[in-house]
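*Asks:* Here is how the chains run, residue by residue.
There are 2 protein chains.
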Amino acid sequence: MSVLLSKEITRLKKKILQMTAIVEESVRKAVSAVRYKNEALADEVIQNDNGIDLMENELEEECLKILALHQPVAIDLRYVVVCMKINNDLERIGDLAVNIADRAKAISREKDDFIPDSISAMIEKAISMLKKSLDAFIEMDLKMAREVSLMDDEVDELNRNMYQEVRKMIMEDPDRTGYLLHVLGVSRQLERIGDYATNISEDVIYMIEGKIVRHSGSK
Amino acid sequence: MSVLLSKEITRLKKKILQMTAIVEESVRKAVSAVRYKNEALADEVIQNDNGIDLMENELEEECLKILALHQPVAIDLRYVVVCMKINNDLERIGDLAVNIADRAKAISREKDDFIPDSISAMIEKAISMLKKSLDAFIEMDLKMAREVSLMDDEVDELNRNMYQEVRKMIMEDPDRTGYLLHVLGVSRQLERIGDYATNISEDVIYMIEGKIVRHSGSK
Chain A
1 MSVLLSKEIT
11 RLKKKILQMT
21 AIVEESVRKA
31 VSAVRYKNEA
41 LADEVIQNDN
51 GIDLMENELE
61 EECLKILALH
71 QPVAIDLRYV
81 VVCMKINNDL
91 ERIGDLAVNI
101 ADRAKAISRE
111 KDDFIPDSIS
121 AMIEKAISML
131 KKSLDAFIEM
141 DLKMAREVSL
151 MDDEVDELNR
161 NMYQEVRKMI
171 MEDPDRTGYL
181 LHVLGVSRQL
191 ERIGDYATNI
201 SEDVIYMIEG
211 KIVRHSGSK
Chain S
1 MSVLLSKEIT
11 RLKKKILQMT
21 AIVEESVRKA
31 VSAVRYKNEA
41 LADEVIQNDN
51 GIDLMENELE
61 EECLKILALH
71 QPVAIDLRYV
81 VVCMKINNDL
91 ERIGDLAVNI
101 ADRAKAISRE
111 KDDFIPDSIS
121 AMIEKAISML
131 KKSLDAFIEM
141 DLKMAREVSL
151 MDDEVDELNR
161 NMYQEVRKMI
171 MEDPDRTGYL
181 LHVLGVSRQL
191 ERIGDYATNI
201 SEDVIYMIEG
211 KIVRHSGSK
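Top line first, the protein sequences correspond to chains A and S. At position 15 of the first sequence the residue is numbered 15 (our numbering), and the sequence of numbers has no breaks. At position 14 of the second sequence the residue is numbered 14 (our numbering), and the sequence of numbers has no breaks.
Pulled out of the complex, with its shape left as it was, chain A reads as follows (with noise of 0.2 Å):
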């Protein structure tokens, strides 16, 4: 590799791990403006999308101008490639912080404030699913990479738990349909946001061994 391209894919690195942080953060408070009806940190969480979206538009015209002036190949190739994808797809992370946040002013309007069980074990699982497929993608580790994978079974899996303890719930006591319609969105967004980092691990698979591994394991 030429000196010139390590420099710009060392500098690629460096802006991927910005707008990770970023989205972190949105997701975090997203989350957070659901837990205590905070209206304020919702309207801060969908302010903020734009400079998300910015980021996006900016990482991928660095990559586009590798690949114009540097020609990569191999890894190379597939790094820069790669890191398209990963941009992609935490500004659709970014995307669904905002759906949360939306989620999160209805939410705050409404009475009711019971928060179920498994919403609170799904926004632990899917943040930590988000860090460990990017920390996956710095490191290279494709341990951890796989590791992502099994954890969006169990998401999954709570997510399908919400459906019945919502359509219980809401038949109980059908006066609380609208605010548990609202959680089970938070629920489906959290399950969206597992997604992404299981796409984003599979990548950095795909990136370290060469081979595609999508649609290998359980959908």
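You can't tell identical chains apart in this list, so a pair holds if it fits in one copy or across any two.
Straight-line distance between alpha carbons at most 25 Å, and here's what the computed SDA-like set of lysine to any residue pairs gives:
id, residue 1, residue 2
1, Lys85, Arg11
2, Lys111, Ala121
3, Lys105, Arg176
4, Lys131, Asp117
5, Lys13, Arg78
6, Lys85, Ile205
7, Lys105, Asp153
The set of hints was computed from the structure by calculation and includes no laboratory data.
Given the coordinates of chain A, assemble chain S onto it according to the supplied hints.
*Replies:* Coordinates of chain S only, in the frame set by chain A:
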């Protein structure tokens, strides 16, 4: 552009077209399975998803090969990168068709069979967005690509109406909760298909104009 690169790009276009047809068919079948409570059709969608996954992997390998061997620049580079993204999004739309098929199976076991008007409207809109975004890609048609974003606002609006409608129906008759939550699930998947079609159309605009238009419109 070299003759060889031009040939490769024509081949890529053909494969994307094939994949588009298969994914569109999958969405149509899943939606029919919901409408007609056809469990066998839903199973077909679920089984065929494997084929879509394999196509995605192949197409991605092909794109990487073109990048490594032909090192395209300018519009050709953008074209290959956009193909990779559309490929990715098509595969995810295939996953959403599977989600709809899962709901169809649950729905077909329920006694209820009322399909709200908003859902029928969403089905038509989401499928036509998907078609239009891919036509815009094939024809390199800016106008068509721009129309897709406008349609997305309508799908989002319909999805919001669905929430209100379902909430009201559940409160009036809580025994229908299970069924109606599944219907709401279908509505959400359709809204996500609209989002992916919007992503595709924005990538088409980017390919033609060379500037990133993502996040410039309403969210």
